[in-house]
Amino acid sequence: MKVKKIPQRLCVACQSIGAKKELLRIVRSPEGEVSTDFTGKKSGRGVYVCKNIECLEKAIKEKRLEKGLRIAIDRRTYEQLVEEIKGVT
Numbered sequence: 001m002k003v004k005k006i007p008q009r010l011c012v013a014c015q016s017i018g019a020k021k022e023l024l025r026i027v028r029s030p031e032g033e034v035s036t037d038f039t040g041k042k043s044g045r046g047v048y049v050c051k052n053i054e055c056l057e058k059a060i061k062e063k064r065l066e067k068g069l070r071i072a073i074d075r076r077t078y079e080q081l082v083e084e085i086k087g088v089t
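Per the numbering used here, residue 1 is the first one in the sequence shown, and the count goes up by one each step.
All the pointers check out, no bait thrown in.
In silico DSS-like pairs for lysine-lysine, Cα to Cα no more than 25 Å straight-line:
# : residue 1 : residue 2
1 : K4        : K42
2 : K86       : K58
3 : K67       : K20
4 : K86       : K41
5 : K20       : K4
6 : K63       : K21
Label pairs and their in silico Cβ distance ranges:
#  : residue 1 : residue 2 : range
7  : K2        : E62       : 33 to 41 Å
8  : S43       : E79       : 21 to 29 Å
9  : E79       : K5        : 35 to 43 Å
10 : E57       : K5        : 27 to 35 Å
11 : E54       : E33       : 23 to 31 Å
12 : M1        : E84       : 36 to 44 Å
13 : M1        : K67       : 35 to 43 Å
14 : K51       : P30       : 21 to 29 Å
Hints were generated in silico from the structure; no laboratory data involved.
The C-beta atom is built at its ideal place from N, Cα and C for all residues, glycine as well.
Using the sequences and the accompanying hints, generate a full structural model.
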């Protein structure tokens with residue numbers, strides 16, 4: 001029997017590689033809206049972050065989310081992302 005390959009993704013903040021299901025996807029929709037993607041299936045450009053607040057804060061501080069999503073992100077959106085991650089952990 002074949003062993004199923006587990007998809008790997010890179011955290012934009014700490015640069016660690018982890019299983020796709022262990023990381024949180026943040027997506028920019030085709031309309032330009034930034035949100036968290038808990039299913040991993042939303043359409044749009046996405047970046048992955050570890051499911052801890054430290055990695056998200058580092059990605060925000062170093063503007064890695066903006067670079068990865070290729071869009072300017074306002075403060076209110078960042079606060080919303082932090083609240084959503086606090087709800088996950």
